[in-house]
Amino acid sequence: MVHESLAATQAVVTLDVGLPGIVWGWIITMNMWAKSIGTGVIFMLFYLLKKYPNEAGYLRFPLTVISIVAIHVFLFFTVIDLHQMFRFWHIFVYGHFTSAIAVGSFLATGFVGLIFLLAYASYIKKDNALFDKVLTWTVLLGIPVTLYTAALMAQSTARELWQMPTEAVQMILAATLSGSATVLLVGAKLPYEAKRDMAVVLGFSAFMAFLIYMSEYVFGPMKAEEVAATLEFIKGHGEYTTMFWIGQVFAFIIPMVLVTLSVQNKSTGLLTLASVSALAGLWVTKHVWLVIPQLLSMS
Amino acid sequence: MHLGFLVDLHLCMGCKGCEIACKVENEVPLSTWRLRVKYVDVGVFPETKRTFTPLRCNHCANAPCERICPVSALHYIENGIVNIDKERCIGCAGCVMACPYGAIYIDPETQTADKCTYCAHRIASSLMPACVVACPVEANIFGDLDDPASNISRYIMENQGDVQVRKPEKGTDPHHYYVGGGNIQLNPLASVRTEGHNLFGKLTSKMPVGGHH
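Going line by line, the protein sequences match chains A and B.
The first sequence begins at 603 in the working numbering and counts up one residue at a time.
The second sequence begins at 174 in the working numbering and counts up one residue at a time.
So here's chain B without its partners, still in its complex pose:
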């Protein structure tokens, strides 16, 4: 079994329900995010469009974070999830430096690395990840990539030619796919980013380290 995620960006409407569900489910501290939705505006007024891209850990099959972790705090579990053992983590931030997706940060409360685990604890109880449950338009599709009859496998087959991963050139083999994504959504170098357009940018206490904070 290899669990994977697919987000249909045609469906996502940027409600951030997944973000909130994730924070509540995993008790993610203030100013940190295991999952967040990036907004990119395209065009010039009045011909403008806003795009929404949920970003989370890609649970790569060839994960740089797992490889660089000196104590195996980041490790694979048998269903393909890259999980984290916060009790073992020494906070070296090697994983933060290795992750090409900026998905890992140092938790300001525990001072250890943290990231999306595809809600491994819920999956162990045969539940769907919190973000999947919260999505009102079923833009998040989750399932077993090894099973051709799973929702995610069928979705990938039906949308062949429009399924992408982030930064394929890194050779990380992400198990997180996007349908309907363009360069401006998936390539961080393809859109202008100025300081100030960020979530809760004025927070000054308990600021985390890394993970784009």
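For reference, chain A alone in the conformation it holds in the complex:
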């Protein structure tokens, strides 16, 4: 990738190490995607229990289980991405707290403890009051758990594309998008009003995320040459152009259209399709955004 080449110099690198490969690949994409679902369903459950305490009460245990599974998928992919995975415990012994990875590891551990407590309250103790009390703390801890990956990306000084606060907003939107989509897929017994609320959250999250991606796509190159060079991979005949637009269409555009049609027609039939599209598209979108800054040569 060349961005500042002059006809006067015709500068060509004739000997150096090879072009960079992908260091953080699909395993990290799985990590981010699963974490979005794991925290997103907790956020949505909190909202539903506040607004529809009776009708949504049956979702306490199923959504807790989904959160546990998704968070463990996230943890699994986090650990297997380490080149020395059996040294994972070093984080807890030698933790270096300027690092978002170290802080995130402790936060995620606390979050896992709380969702297991939720499972205990809902399945073994069957105590809704305890569940709702613990849920509040789980939501509060879920916010930084959702955000720490954004902090990690922002700490990646070499990757100009990943900026704060943009990544933080995108992480929260990914959680609300995937959380609402998951609830729509598993909450068949919810009343129409609750489904409509989830659909609105899904549509709004998709709209905001799409707006931010497009803003970066159009205006990012006007501020930084590395961003401009990075975005060349998703423009024109770029290596990831097709994948980028597949992600945008499935994650954001299709859900926005289907949610609009669904709310207008007071029909929930299209929401299943919107939810599946959003979840699949989110994975692709996250993957492209993760990979393209890594294709730039740093030397």
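Hints are computed from structural coordinates only; laboratory data are not their basis.
Errors might be hidden in some of the hints.
[Stated by the list, open to error] In silico BS3-like links for lysine-lysine, alpha-carbon gap of 30 angstroms or less:
#  : chain 1 : residue 1 : chain 2 : residue 2
1  : A       : Lys837    : B       : Lys189
2  : B       : Lys189    : B       : Lys259
3  : A       : Lys837    : B       : Lys340
4  : A       : Lys825    : B       : Lys343
5  : A       : Lys652    : A       : Lys728
6  : B       : Lys189    : B       : Lys343
7  : B       : Lys343    : B       : Lys259
8  : A       : Lys825    : B       : Lys340
9  : A       : Lys797    : A       : Lys735
10 : B       : Lys196    : B       : Lys343
[Claimed, not checked] DEER-style ranges, computed between Cβ atoms:
#  : chain 1 : residue 1 : chain 2 : residue 2 : range
11 : A       : His839    : B       : Glu282    : 21 to 27 angstroms
12 : A       : Met816    : B       : Leu300    : 39 to 45 angstroms
13 : B       : Ile250    : A       : Ala826    : 29 to 35 angstroms
14 : B       : Ile250    : A       : Pro655    : 56 to 62 angstroms
15 : A       : Gly712    : B       : Lys259    : 28 to 34 angstroms
16 : B       : Pro202    : A       : Lys728    : 53 to 59 angstroms
17 : B       : Ala293    : A       : Met766    : 31 to 37 angstroms
18 : A       : Glu841    : B       : Leu300    : 55 to 61 angstroms
19 : B       : Leu203    : A       : Met766    : 48 to 54 angstroms
20 : A       : Pro767    : B       : Pro219    : 50 to 56 angstroms
21 : B       : Glu282    : A       : Gly712    : 53 to 59 angstroms
[As the list claims (entries may be wrong)] Here are a few chain A residues that sit away from chain B, every Cβ distance over 12 angstroms (derived from the structure):
#  : residue
22 : Val667
23 : Ala704
24 : Trp739
25 : Glu818
26 : Val865
In this text the structure is predicted, and so the values were computed from the model without any measurement.
Note that beta-carbon positions come from the ideal geometry of N, C-alpha and C, so glycine has one too.
Assemble chain B onto chain A, guided by the hints.
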């Protein structure tokens, strides 16, 4: 004491002696490089020129790799060197993602991060880094940046106006300087780079991760 490096690109002739000395001294595995010399060709035949730029860890005073490392495997030692503890490293590759100079890679043998340490083990024994010793034209100048009488400080003073660091906009405060460098040598976006023009590009086994491999 803050140790630093300066490379006078007017003097470097691209012999790669420093590369080899580094590999031998630090037992750097095949296909990985703590230090390498980048060649950039400029101009159109017959009016052409080849430039040589040794690239290594910049030992930044505000090192993103040190900040992002979750276990302090990358850490400062008292002389300003950013050192690495390979026994502690978990191989998360956060440092690879953070380093704006592509100076860190995952060692294919140990599966941990690795990079230039300014030969910290030699300095502890009052020896110069291997690359400095090997350079036949003394293009590598190494010393204490806090000492105004050191070779590197005097060189910087004598060449004021022609001393640069790579990517100053990143705010990393590198302790690695270049004299006589131009945009095409120090800015990766200023020269065309096509796959194939790389060292040992056909290696297929024990390929490392990151660090531009």
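### Query
That 29 to 35 angstroms hint for Ile250 (chain B) and Ala826 (chain A) (C-beta), does it hold up?
Once the Cβ atoms are compared, 33 angstroms apart, the range 29 to 35 angstroms for Ala826 (chain A) and Ile250 (chain B) holds.
### Query
Does the alpha-carbon distance linking Lys825 (chain A) and Lys343 (chain B) stay inside the 30 angstroms limit?
Holds, at roughly 14 angstroms.
### Task
Would you check the hint for Lys343 (chain B) and Lys259 (chain B), treating anything up to 30 angstroms between C-alpha atoms as holding?
At roughly 26 angstroms apart (the allowed maximum being 30 angstroms), Lys259 (chain B) and Lys343 (chain B) satisfy the hint.
### Query
Is it true that Gly712 (chain A) and Lys259 (chain B) lie within 28 to 34 angstroms of each other by Cβ?
Holds: the Cβ-Cβ distance is about 30 angstroms, inside 28 to 34 angstroms.
### Task
Could you check the hint for me, namely that Pro202 (chain B) and Lys728 (chain A) are 53 to 59 angstroms apart, CB to CB?
Holds, at about 58 angstroms.
### Message
Looking only at beta-carbon atoms, does the pair Glu841 (chain A), Leu300 (chain B) fall within the given range of 55 to 61 angstroms?
### Response
Once the Cβ atoms are compared, 46 angstroms apart, the range 55 to 61 angstroms for Leu300 (chain B) and Glu841 (chain A) is violated.
### Query
Given the proposed pairing of Lys196 (chain B) with Lys343 (chain B), does the C-alpha separation stay at or below 30 angstroms?
holds (29 angstroms)
### Message
Does Val667 (chain A) clear chain B by more than 12 angstroms, comparing its Cβ with all Cβ atoms of that chain?
### Response
holds (29 angstroms)
### Query
Lys189 (chain B) and Lys259 (chain B): Cα distance at most 30 angstroms?
With Cα atoms ~26 angstroms apart, Lys189 (chain B) and Lys259 (chain B) stay inside 30 angstroms; holds.
### Query
Is the hinted pair Lys797 (chain A) and Lys735 (chain A) satisfied, with a Cα-Cα distance of at most 30 angstroms?
holds (24 angstroms)
### Query
Does Lys837 (chain A) pair with Lys189 (chain B) here, judged by a C-alpha cut-off of 30 angstroms?
Answer violated: Lys837 (chain A) to Lys189 (chain B) is near 38 angstroms, above 30 angstroms.
### Message
Given the hint of 53 to 59 angstroms, is the C-beta distance from Glu282 (chain B) to Gly712 (chain A) inside that range or not?
### Response
For Gly712 (chain A) against Glu282 (chain B), whose Cβ atoms are near 36 angstroms apart, the range 53 to 59 angstroms is violated.
In terms of the numbered hints stated before, the structure departs from hints 1, 11, 12, 18, 19, 21 and 23, listed from lowest to highest.
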